Amino acid sequence: MARFAYWLKLAALLGVAVTFAAIPLRQATADAKLPGLENRKGDKCVEDVDIIRRNHPDLLKHHRIETLRHGIRTTKYSLKGCVECHASAKTGSVASAKDDFCVTCHAYAGVQLDCWDCHASKPKTKPVQATEQQASPTMNPVQTGGANQ
Amino acid sequence: MTTSHKPDRRDFLKTGAVVAGAAIAPGILFYGIAQGRAPEEGASSLVRWGMLIDTSKCANGCSACVNACNHENGLSGKTGPQDSQWIRKLNIKHLQTGIEHNLPMLCQHCANPPCVDVCPTGASMKRADGIVLVDRHICIGCRYCMMACPYKARSFVHEPLSDQNPDVPRGKGCVEACTFCVQRVDRDEQPACVEACNADGHQAMLFGDLRNPESAIAKAMKAYASVEVRGDLGLNTGVRYQGI
Numbered sequence: 001m002a003r004f005a006y007w008l009k010l011a012a013l014l015g016v017a018v019t020f021a022a023i024p025l026r027q028a029t030a031d032a033k034l035p036g037l038e039n040r041k042g043d044k045c046v047e048d049v050d051i052i053r054r055n056h057p058d059l060l061k062h063h064r065i066e067t068l069r070h071g072i073r074t075t076k077y078s079l080k081g082c083v084e085c086h087a088s089a090k091t092g093s094v095a096s097a098k099d100d101f102c103v104t105c106h107a108y109a110g111v112q113l114d115c116w117d118c119h120a121s122k123p124k125t126k127p128v129q130a131t132e133q134q135a136s137p138t139m140n141p142v143q144t145g146g147a148n149q
Numbered sequence: 150m151t152t153s154h155k156p157d158r159r160d161f162l163k164t165g166a167v168v169a170g171a172a173i174a175p176g177i178l179f180y181g182i183a184q185g186r187a188p189e190e191g192a193s194s195l196v197r198w199g200m201l202i203d204t205s206k207c208a209n210g211c212s213a214c215v216n217a218c219n220h221e222n223g224l225s226g227k228t229g230p231q232d233s234q235w236i237r238k239l240n241i242k243h244l245q246t247g248i249e250h251n252l253p254m255l256c257q258h259c260a261n262p263p264c265v266d267v268c269p270t271g272a273s274m275k276r277a278d279g280i281v282l283v284d285r286h287i288c289i290g291c292r293y294c295m296m297a298c299p300y301k302a303r304s305f306v307h308e309p310l311s312d313q314n315p316d317v318p319r320g321k322g323c324v325e326a327c328t329f330c331v332q333r334v335d336r337d338e339q340p341a342c343v344e345a346c347n348a349d350g351h352q353a354m355l356f357g358d359l360r361n362p363e364s365a366i367a368k369a370m371k372a373y374a375s376v377e378v379r380g381d382l383g384l385n386t387g388v389r390y391q392g393i
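Chains as they are written, first to last, in the numbering used here: chain R, 1 to 149; chain P, 150 to 393.
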C-alpha cells in the first residue's frame, strides 16, 4: 500500500514538473527573437499576442469553416487579414522568404503549411489592373459593368 | 400527387413545350439583386441563388462571360483537356432544322447534386443558399465528382499555380468549378459572367434569388418558358435556360 502511495506521489510530482516544463517550451517560439516578426501593421493584432501566438491555427480553421461552408464573411480571423497586416515590406509577402512573417516561426517550430499553394501570400494591390488588360483584350473592362446597360 | 421531390417539375415540362425564344419584356429589371446581408449572417436557406440564361440573346462569337470568369477567378483561359474551365460556350445545332444555339455551360448548382452524393470526404457541398462548392481544404482530388457530374462542369488542377486572386484561392490537386462567384455574391454583387454579359449589352444572363417572388429572375421564370438541361435526371438545377 505504501508503495502505491509512493508511486502516486511521484506521478503527481512528475505531472507538475511536466506542466511547468511545458510552459517555457510553448513560449520558446515567442521568446526567441526571430527575424521577420516585426512585419506588422497597426499596433494591435486581432487578439492579444499570447492568444494569437498559441491559438491562431484553431482560429483560422474555425474561420475557414464558417466562411467557406456557412458563408459568414466576417474579417476578424480572415487569412486575407493576416496577410494584409503581416506582409513583409521587403518581399511584399507573408511567405516568400525565410524571414517572412508566416515562415520564420514555422521554420523554427518545424511547421509546414500548404495554405500558400492556393491562398495569395501577398495582399491585394494594384497589379490587378495590369493583368486585367491582357486577360480580356476583346471585352469591356469588367469594372464598367452596367455603364452601358 | 406523386411523390416526386420536385414539385415544380411538372410545370417546367409543361411550359417547356411553349414556343421558345420569347424576349424578356422591357419592364423586367435585370439588376434586381437580393437584399444585402450582414457579414456575420451566414448563407440562408430562405434564398436560393439561380441563373436564367436566354440562349437567343447569347451572341455568336462573343466570349465576354468566359473572359470575365477567367479574369475574376484567375483561370488561364486555355481550353486543353487539363485546363480549368468554369464556364464554356457550347454550340448546339438541331440536326433537322439546322437552328443553332449558344449555350453557356457552367456548374448548374443542382438542388440534388450528384457531385455531393459521391464525394467521399464531404468536400463537395451545397451551401444553404444552394451554391454548390468544393471545400478544397478537405478535397483529396479523387475526382469522383467530375465523373458524377452530367454537365462536365468540374475541372481538376493538375499543375502548381501562382499569383492567385486573394479572393479566389485555387491550387494543385483539387477539383474546382463555378462558384457563382461566391466571393462577389456574398458582397451583393453579380457573378462576373453576368456583369460582363450585361456590360456588353447582350443581357442573356439573369442572376438572382429563385425563392424571392419579387426578384427579376423569379418573375422572368414565371412569365417565360425555361428548361433544365437534362431535366430528366431530376437534379432541380439552379441554372435554367430559355430558348432551347
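Since the hints were derived computationally from the structure, they do not count as laboratory data.
On a predicted model such as this, the values are computed, not experimentally measured, just so you know.
Take the hints with a grain of salt, since some may be wrong.
[What the hints assert, rightly or not] Computed list of chain P residues with no C-beta within reach of chain R, every gap over 12 angstroms: (1) N314; (2) Y373; (3) A374.
[Unchecked claim] For the chain R half of the interface with chain P, some residues (derived, Cβ under 7 angstroms), not all of them: (4) G71; (5) K80; (6) D117.
The beta-carbon is built from N, C-alpha and C at its ideal position, and this holds for glycine as well.
Here is what the structure says about each hint:
Its beta-carbon lying about 7 angstroms from the closest one in chain R, N314/P breaks the requirement of being farther than 12 angstroms from that chain. With 12 angstroms as the threshold on Cβ separation, the claim that Y373/P sits away from chain R holds: the shortest Cβ distance comes to roughly 20 angstroms. The beta carbon of A374/P is kept farther than 12 angstroms from every beta carbon of chain R, the shortest such distance being approximately 25 angstroms. This hint holds: G71/R has a C-beta 3 angstroms from the nearest C-beta of chain P, less than the 7 angstroms allowed.
Taking 7 angstroms as the C-beta cut-off, the interface hint given for K80/R holds, the closest approach to chain P being about 6 angstroms. Because the beta carbon of D117/R sits about 4 angstroms from the nearest beta carbon in chain P, less than 7 angstroms, this interface hint is met.
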